[in-house]
Each structure stands twice: as C-alpha cells, then as structure tokens.
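S.K.: Chain by chain, the residues:
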Amino acid sequence: MKFSPPHFDTLCQQIQACTAHDVEQALLAHTLGIKDVAALLSPAAAPYLQQMAARSQKITQQRFGRVIQIYAPVYLSNFCTNSCAYCGFAAENKIKRRALSIGDVAQEIDILAQRGFSHILLVSGEAPKMMGVDYFEEVALLMRDRFASVSIEVQPLSQEEYSRLFNAGITSVAVYQETYDRKTYDKVHLKGKKCDYDFRLDTPARAAAAGMREVGIGALLGLSDWRAEGLALALHLAWLRKKFWRTGLTVSFPRLRPAAGNFKPLIPVSETDLSQLIFALRLFDHDVGLLLSTREEARYRDGMLGLGPTRYSAGSCTAPGGYAHPDISGEQFAVDDNRSITEVCTAIHSKGFDPVRKDWDPVFQTQLNAF
Amino acid sequence: MLTISDKTFTSRLFTGTGKFSSSEIMRQALDASESQMVTVALRRIDLNDPGDDIMKVLDRNKFFFLPNTSGARDAEEAIRLANMARASGGGHWLKLEVTPDPRTLLPDPVETLKATEALVKDGFVVLPYMNADPILALRLQDAGAAAVMPLGAPIGTNQGLLTKDQIAIIIAQAQVPVVVDAGLGAPSHAALAMEMGADAVLVNTAIAVAGDPVKMAMAFAKAVIAGRLAFTAGLGPQSIDASASSPETGLGFLHR
Numbered sequence: 010m011k012f013s014p015p016h017f018d019t020l021c022q023q024i025q026a027c028t029a030h031d032v033e034q035a036l037l038a039h040t041l042g043i044k045d046v047a048a049l050l051s052p053a054a055a056p057y058l059q060q061m062a063a064r065s066q067k068i069t070q071q072r073f074g075r076v077i078q079i080y081a082p083v084y085l086s087n088f089c090t091n092s093c094a095y096c097g098f099a100a101e102n103k104i105k106r107r108a109l110s111i112g113d114v115a116q117e118i119d120i121l122a123q124r125g126f127s128h129i130l131l132v133s134g135e136a137p138k139m140m141g142v143d144y145f146e147e148v149a150l151l152m153r154d155r156f157a158s159v160s161i162e163v164q165p166l167s168q169e170e171y172s173r174l175f176n177a178g179i180t181s182v183a184v185y186q187e188t189y190d191r192k193t194y195d196k197v198h199l200k201g202k203k204c205d206y207d208f209r210l211d212t213p214a215r216a217a218a219a220g221m222r223e224v225g226i227g228a229l230l231g232l233s234d235w236r237a238e239g240l241a242l243a244l245h246l247a248w249l250r251k252k253f254w255r256t257g258l259t260v261s262f263p264r265l266r267p268a269a270g271n272f273k274p275l276i277p278v279s280e281t282d283l284s285q286l287i288f289a290l291r292l293f294d295h296d297v298g299l300l301l302s303t304r305e306e307a308r309y310r311d312g313m314l315g316l317g318p319t320r321y322s323a324g325s326c327t328a329p330g331g332y333a334h335p336d337i338s339g340e341q342f343a344v345d346d347n348r349s350i351t352e353v354c355t356a357i358h359s360k361g362f363d364p365v366r367k368d369w370d371p372v373f374q375t376q377l378n379a380f
Numbered sequence: 005m006l007t008i009s010d011k012t013f014t015s016r017l018f019t020g021t022g023k024f025s026s027s028e029i030m031r032q033a034l035d036a037s038e039s040q041m042v043t044v045a046l047r048r049i050d051l052n053d054p055g056d057d058i059m060k061v062l063d064r065n066k067f068f069f070l071p072n073t074s075g076a077r078d079a080e081e082a083i084r085l086a087n088m089a090r091a092s093g094g095g096h097w098l099k100l101e102v103t104p105d106p107r108t109l110l111p112d113p114v115e116t117l118k119a120t121e122a123l124v125k126d127g128f129v130v131l132p133y134m135n136a137d138p139i140l141a142l143r144l145q146d147a148g149a150a151a152v153m154p155l156g157a158p159i160g161t162n163q164g165l166l167t168k169d170q171i172a173i174i175i176a177q178a179q180v181p182v183v184v185d186a187g188l189g190a191p192s193h194a195a196l197a198m199e200m201g202a203d204a205v206l207v208n209t210a211i212a213v214a215g216d217p218v219k220m221a222m223a224f225a226k227a228v229i230a231g232r233l234a235f236t237a238g239l240g241p242q243s244i245d246a247s248a249s250s251p252e253t254g255l256g257f258l259h260r
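Just so you know, the protein sequences line up as chains A and B, in that order.
Per this note's numbering, residue 10 is the first one in the first sequence, and the count goes up by one each step.
Per this note's numbering, residue 5 is the first one in the second sequence, and the count goes up by one each step.
Honestly, the hints are just simulated from the structure, not real lab data.
From a predicted model like this one, the values you see are computed outputs, not experimental measurements.
Among the hints, erroneous ones may be present.
Output of the computed footprint for chain A on chain B, the stretches with three or more beta carbons under 8 Å from beta carbons of chain A [stated by the list, open to error]:
no.: 1; region: 22–29
no.: 2; region: 46–53
no.: 3; region: 101–109
no.: 4; region: 208–214
Glycine is no exception: its CB is placed at the ideal position from the N, C-alpha and C atoms.
Chain A extracted, bound-state conformation (with noise of 0.2 Å):
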C-alpha cells in the first residue's frame, strides 16, 4: 500500500480547527499523535512558541545529545529537463549549465575532503539521460572509501536503481515533495517528468525498500499554505516509520531563496513560522534528524542551536564545480549563511555544541569482506 495524505484543504481544515485547550493537551501528551501536531502547527498555538522551543530543545539534546552533525553539498549538474517555476535550474532559464566529469568530481571532493568535511550530499539536477543512474554509481564508487557517509539528492529512480547505488556505496536519499498540496504542485511544475506528483510521493518508500540507512523528505516552503504542509511531513513520516522500522528518517525545511527565474513565495513563511514548524515535528518524532541548510541566514542557524535541528550544512556552494572554481552564475539559489566551515564550526562551539564531522564508517557498507 502506498503513502496518500488526506487531500490538502482537508488538512488545512484540520489546523484551522484547533484551539488553545488543543494546544494544551498537546503539550502535556506524552507521545503525540497527528491530532496533537495539528494543534502544534495551527495558528492557536503561536502563543505557545515558548513552551514548545523549550520541549523541543530538552527532547533534541536528550536524543542527540551537544552536537551537530557537519554535511557539504556537492552540485554535479545543473541540467535539468524539468521545468520548474520556481528553481534556478528550470530548462527554460538562460543560466550557466555545467555537468562534472569524474575528473571533477574529484576536484570538487579533493577540496571538501581537505576543508574536513565527512558527510557530503551529491546534488543534480534531473537530466537522466545525461546524469542517470550509471553516473552516480561510478561517482559513489570514487567516493565511498574517503567519507563516512555520501547521500544523493537527485531525480526519482526505481528501487532496483536505488539497490545499485546503495551497493556503490550511496548511504542515504533525500527527495523532497516539494509541495504536498497536489493543486499548487501541478501549477508549478509545469513540464517534465517531475509532474507526475504521486511518482515522487513513492520516493522515499522505493528508497527505503532499496535498503538505504536512512531516507531524507521535505516540503519547499514558500508554495503553499506550510501549516498543512507540516501536517502531511508528519503523516508521511509516520508511515515511512510504520513500514520501514529499520530506515533513519530526516526532515528538511528548505524556505524559498532567490534563484534564476525570478519566482516569489506565494505563501511567504517567515522564521516563527519556520520555527513553529521545526518544533512541532521535533515534539511529534523525537528522532527524526532535522536539517537547516544555508538557506538561512547565520543569525537564524546560530540561534537555533540545540533548539531542534540536528545537521547543519556548512560552505556551501550550490552551482555545479563551484567549490573549484568559485562562480555563483549557474547555481540554484542563493545561499544566505556564506561562512567558511571553519566559522560555522566555531558559532557552533561558542554556543556549547560539538560540530561533529564524522558519524558513520564506509565500513558499514563495504561489499566485500576486506579484512
């Protein structure tokens, strides 16, 4: 059986609906159920931002304990035959494009490597003919013995694909719905293999059957009403945990940047929401990895601190080879937390927190017994 929220606006309802008696009883539960989040997520509960900032931080530090975990994105390609109206990488935009060759790729990884990074997130855009799934086998494969984890934000492939790419070495899979408001999803996506919504909504359920350690969802904040986009995260959640007891979750809150093609928010999302947001899944899944990418600003990521989220990107470059060659011009938007690794790691210090580089071992994953 197969992932199908309740249709969006039912959702929305849902939230509307909640009062502050709600709120307080989702406070006071001790396991939250979809009923609570719904609370925690509607506009009755913005008075209770406090309250729940300071669950979600004794919940955070409990599981996870003082550290955050340190990742790098790498960009391998900004081609893209998908035309989505609010990417930098949409086919029609008149950007710099650029696929890396394996030669690249090393460039690229040679340098991460040397800045200390560990885990890295392989990122493209969707042009499978020209980056399909051959491609990432061999990148994984260069890759796989010199960092600890190395997980693919890519298009939408099958689970025997997936299979593949774990055996090469892919440790994890994040693909975003982007919007799980079905009506807003066909109206920005607007050509392309990414219209096929319920194709991406199986994603993470394909990945997870491929055996992958851990599968990443998210929602493009920005698109639609975020509130009942947050509600739909924690029932997808809550079923990937149901049917696939052994897969590590993560949730991404990517608000809409700047990008090529010049698309504005149609539902913006400010930070009390964003962090309304965080905190609400934090309380309804006290495990799921919560990542804050540079998207945000450095007075946000540092303020958050131990507050919910667990990964933190860091240096990031998002234009395919930039991290060699440093050019912004053909990267998908523009990142707002433009500090070094080493800055990043020292905010993080200065705020009693332990920026961890590596936490996991290729080791897990070695095919072959090498010993």
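Assemble the complex: chain A is given as a structure, and chain B must be docked to it using the hints.
M.R.: Only chain B this time, still in chain A's reference frame:
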C-alpha cells in the same frame, strides 16, 4: 576488583564518549568519573587519523579502549566493523551493538547472538549489549561472551532500571560479569543496579547531557562505589511490617 576476560578493573563505572559538547569536556568528565573502561563508537572515530578529535584526547594508557559497533543493523555489519577496528589497531575487545531500529536503538537478540558466536570464534573478547532477557543472557554466556550488558531502559532515555526484575534474574544466573548498560539517568539508578549485585554499570547520556558533566561524572563514580559497598555489606531484608531498630519484644518476664 572486577575481572573481565584477562583484564582487571578497580572502577566499576564504565563510560561512553557520545553526546558531549566538546572533546575537552568529555576528557574532563572521563577523568572525573575515574572510569577505566571507555567505549567509543567506531562510526564516530577514524582510527587511522592521529588527529581524530576523540582519540587524541583519550589517553589509552589511562583508559581501556572498548570500541562499539553502534549503528550496525545486523551481525554481518557488526562483524565487519569489528574486523576493521582490529585491523586498525583498535584491539580485540568489542562492545557488540546490533540495533536495527534507528528509532528505539533496541538490540536485536537473534543477530547479537549470531555475531557473538562468530566473533568469539574469531578471537574477540565480546561484551554484547542486550535486552534484559535472562535466557538470552545465558545463551550469550554459553556462546562465549566475556560479560553481558543488559539495558536498564532504552538507550539515552535516562529512565533508570525499568527492567529491574529481569536484571535481578540475570545477575542471579550469570557466570560472567553483568554490566548494566543504557537508560541509567541518575546516580541513584546506578547505585541501585550495584546494590542489586551488578558487576558494573555503563553510563553515557546522563553524564554528557547533564548541566555540569564533570560534576555528574563524579556523582556517578561515588554512587557506583556506594552501591557496590552496600551489596558487599549485605542489605538488610525488606519487610512490609514496621520493625524497630531497638526491638521491644515484651519478653522481659522470661527467666533466662
């Protein structure tokens, strides 16, 4: 003195290295704990890197290094990690953790037993992390485990000895040391485990996330000593009836 395999320990408090706010705070807390056995997740360190942030502050002359297989989903992965550690100079002692559910991190009894059998045959000194199941403890002991490490509560929960009755059976039956691992959230929990006759306890989260990890490490050290002392002194029997400390039994009329 506690003996496990061919090693003896004067401290019965084992400690972990995760979740600390910095490797320096970790070092200070480990010193304060007076622990002699420290477990480190192999996923977290690079044994081939002399600059590894944990290994460079962990004085291996002072602390006996017990690598663990945290993150392993099955016996095969745990065995692979153990071999990697041994090949990289991590020694042949191992805290075996096989936890396929990343959410609860509860140990898989089937895979833990399978891995213990294989690793013992391969020359490892295996200390398996296990649920508090008395029969599983016996099976692991029969498979050659050097100690058994039943959980007090799910790892990192600080809930204390939720499995107290099961642990009492394990202690009563075991012929190898019993180290209560996971879930001990306060020094009183550790003292209780030691009063019951546990040979040692392992504490990580409760120290690492305490307001003052160094002070908390000292508190655990004292609690473990107090609990052990109480166990060796022999606790008085418990009763639901009141019993005066200076009994007035009303038998003064008897001719003696």
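S.K.: Compare the structure with each hint and give your call.
M.R.: Status of the hints after comparison with the structure:
1. 22–29: holds (count 6)
2. 46–53: holds (count 5)
3. 101–109: holds (count 4)
4. 208–214: holds (count 3)
Violated hints for the displayed structure: none, as all numbered hints are satisfied.
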